[in-house]
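Participant: Read off the chains here:
Number of protein chains: 4
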Amino acid sequence: MISSFQTPDPDFAARVRASFARQGAMGLIGAQLQHVSPGRVLIALPHHASVSQQHGFVHAGIVATALDSACGYAGATLMPADAGVLTIEFKINLLAPARGPWIWLDGQITKAGRSISVADGKAYEAGPPATLSHEAPEPRKLIATMTATLMSVTGRGDVRH
Amino acid sequence: MISSFQTPDPDFAARVRASFARQGAMGLIGAQLQHVSPGRVLIALPHHASVSQQHGFVHAGIVATALDSACGYAGATLMPADAGVLTIEFKINLLAPARGPWIWLDGQITKAGRSISVADGKAYEAGPPATLSHEAPEPRKLIATMTATLMSVTGRGDVRH
Amino acid sequence: MISSFQTPDPDFAARVRASFARQGAMGLIGAQLQHVSPGRVLIALPHHASVSQQHGFVHAGIVATALDSACGYAGATLMPADAGVLTIEFKINLLAPARGPWIWLDGQITKAGRSISVADGKAYEAGPPATLSHEAPEPRKLIATMTATLMSVTGRGDVRH
Amino acid sequence: MISSFQTPDPDFAARVRASFARQGAMGLIGAQLQHVSPGRVLIALPHHASVSQQHGFVHAGIVATALDSACGYAGATLMPADAGVLTIEFKINLLAPARGPWIWLDGQITKAGRSISVADGKAYEAGPPATLSHEAPEPRKLIATMTATLMSVTGRGDVRH
Numbered sequence: 067m068i069s070s071f072q073t074p075d076p077d078f079a080a081r082v083r084a085s086f087a088r089q090g091a092m093g094l095i096g097a098q099l100q101h102v103s104p105g106r107v108l109i110a111l112p113h114h115a116s117v118s119q120q121h122g123f124v125h126a127g128i129v130a131t132a133l134d135s136a137c138g139y140a141g142a143t144l145m146p147a148d149a150g151v152l153t154i155e156f157k158i159n160l161l162a163p164a165r166g167p168w169i170w171l172d173g174q175i176t177k178a179g180r181s182i183s184v185a186d187g188k189a190y191e192a193g194p195p196a197t198l199s200h201e202a203p204e205p206r207k208l209i210a211t212m213t214a215t216l217m218s219v220t221g222r223g224d225v226r227h
Numbered sequence: 067m068i069s070s071f072q073t074p075d076p077d078f079a080a081r082v083r084a085s086f087a088r089q090g091a092m093g094l095i096g097a098q099l100q101h102v103s104p105g106r107v108l109i110a111l112p113h114h115a116s117v118s119q120q121h122g123f124v125h126a127g128i129v130a131t132a133l134d135s136a137c138g139y140a141g142a143t144l145m146p147a148d149a150g151v152l153t154i155e156f157k158i159n160l161l162a163p164a165r166g167p168w169i170w171l172d173g174q175i176t177k178a179g180r181s182i183s184v185a186d187g188k189a190y191e192a193g194p195p196a197t198l199s200h201e202a203p204e205p206r207k208l209i210a211t212m213t214a215t216l217m218s219v220t221g222r223g224d225v226r227h
Numbered sequence: 067m068i069s070s071f072q073t074p075d076p077d078f079a080a081r082v083r084a085s086f087a088r089q090g091a092m093g094l095i096g097a098q099l100q101h102v103s104p105g106r107v108l109i110a111l112p113h114h115a116s117v118s119q120q121h122g123f124v125h126a127g128i129v130a131t132a133l134d135s136a137c138g139y140a141g142a143t144l145m146p147a148d149a150g151v152l153t154i155e156f157k158i159n160l161l162a163p164a165r166g167p168w169i170w171l172d173g174q175i176t177k178a179g180r181s182i183s184v185a186d187g188k189a190y191e192a193g194p195p196a197t198l199s200h201e202a203p204e205p206r207k208l209i210a211t212m213t214a215t216l217m218s219v220t221g222r223g224d225v226r227h
Numbered sequence: 067m068i069s070s071f072q073t074p075d076p077d078f079a080a081r082v083r084a085s086f087a088r089q090g091a092m093g094l095i096g097a098q099l100q101h102v103s104p105g106r107v108l109i110a111l112p113h114h115a116s117v118s119q120q121h122g123f124v125h126a127g128i129v130a131t132a133l134d135s136a137c138g139y140a141g142a143t144l145m146p147a148d149a150g151v152l153t154i155e156f157k158i159n160l161l162a163p164a165r166g167p168w169i170w171l172d173g174q175i176t177k178a179g180r181s182i183s184v185a186d187g188k189a190y191e192a193g194p195p196a197t198l199s200h201e202a203p204e205p206r207k208l209i210a211t212m213t214a215t216l217m218s219v220t221g222r223g224d225v226r227h
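Residue numbers (my numbering), protein chains in the order written: chain F, 67 to 227; chain L, 67 to 227; chain S, 67 to 227; chain Z, 67 to 227.
Rather than coming from a laboratory, the hints here were simulated on the basis of the structure.
Treat the hints with care, since some could be wrong.
Given that identical chains are not distinguished, each listed pair holds provided it fits within a single copy or across any two copies.
Claimed, not checked - In silico lysine-lysine, DSSO-like type, Cα no more than 30 Å apart, as pairs:
no.	residue 1	residue 2
1	Lys177	Lys207
2	Lys207	Lys188
3	Lys177	Lys188
So that you can see chain F by itself, here it is in the shape it has in the complex:
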């Protein structure tokens, strides 16, 4: 995929990686940042018992948590260095049980706006992150889709990247 997006911040990748590292929730669920490019972020999540629901699948909310981060950071890659990104709302469709062994979360910007952006995300079952990759490894199976509406926020001390 050749990205068609321009970013105003040449240090977008370092900014996103530093912000991801500050998300306690990403550490708690074991999510790993795999890829950051303008308008796109890829996260890998191992399936372990502590993120399961009652049937042993990964909890839909945990899939949503990691996919929301992928979508939100995809938006952050296109924002100025002093802006923060907030998720206004998201919707997720669970297409199949999230069995694993790994779940890959692929967030991509569909529409980048000055204040409002829209990201679409896909969650896949796939293998572990063996090498640097810009895609979830094959064979992969689509298990969820998300649409997220993001807002760029500046001048609020409590909301920064």
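We have chain F; now place chains L, S and Z onto it with these hints.
Facilitator: Chains L, S and Z in isolation, oriented as in the chain F frame:
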């Protein structure tokens, strides 16, 4: 609130509590089951650093995880003892940052169908669960709303309550 | 219902009614504006063959069209006189077939923000608008629910009330 | 695009076209069925004053109405001849004002299930349908995206194709 729902399973509350206890994800994020009645489930979640996003608020996905469980179990209260509940999709609007110190998740059934049900959930900032309560404690502040579409599944060995 | 919302525009009702009259789509489907108060708008829609889908029910999209207008104008009641309202996104759950003879659309603001607001709407089957009413007439049946995210826009010549 | 979907009904296209013709709402708004293949339906809608909102754009609900039909009929192409399709819920993001002169609605199945299917739709501004086409004509501009959850219904006399 007087519930207008009838449940086919007199042991619905014990069934929901046992299923909740099997959700690794609920233990991981520290969610506590507070109230179970026909068509309604209330969960309390303490705000701690491990469920935060980069600004220190509770991660939107973690709020969604607990609220999805509240909505799903609200649906489970009205299903037969041998049915499992799956979330087909949900949408969440984040109305305000989730600061805490506690987040309360209130899931209620809006429409109970034979196979498809719809639940609406609300997330509040409020105080800790001091006493048995059927409501998030006052003063409380609405911070998120969810609509979830649920499916009742029977005869699948991998999806039970 | 006692509304808790304050509006910055004392002429909000006249502004909403004039804008509604300019919506070709509302005339096309036969929608009638019934009630306007701060944070709330009620619309009534007669079921006729020209708004049906293939089974003879009112088309889900037509229900959504009228309900989106109810939600959007509920937001407009709380905005300054020079602002326009745009729907960023909405989600609708269809709970039951829309048989009629009338469909009532009730849009209410859940969260009023400076730029972003959230409205929740309900669609009911009910009787015709016999008298001035702030509610869909009883007996009524809930047939759809909507959540809409709205944006207040100023300074754009092509988007005014 | 080479479709990867198999349909159980060799007459799916005639069935969809006949059903579309029975939708009063499609006639009312002037929607035209352009393309039907397994898992995909394309509709074209001319912009005229009678489908507008107050700013002169095509009303978001009218875009949603035609896009919901595109998504629903995309699902219908993959269903048995005796099944009916119902939209359980949909969500639409409005990315840009729908100016026209034509709006194209492209509905595609993302996940085909026995009872529940998920369709994703895109709405474009583009030119008029000059020739038979499997795509909205270039140049085109993406103006809305939809995700719809569909249910296949059999044995209900009031819900047939």
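Participant: Against this structure, judge whether each hint is valid.
Facilitator: Going through the hints against the structure:
no.	hint	result
1	Lys177 / Lys207	both (25 Å within a copy, 11 Å between copies)
2	Lys207 / Lys188	both (10 Å within a copy, 23 Å between copies)
3	Lys177 / Lys188	both (16 Å within a copy, 13 Å between copies)
In terms of the numbered hints stated before, the structure departs from none.
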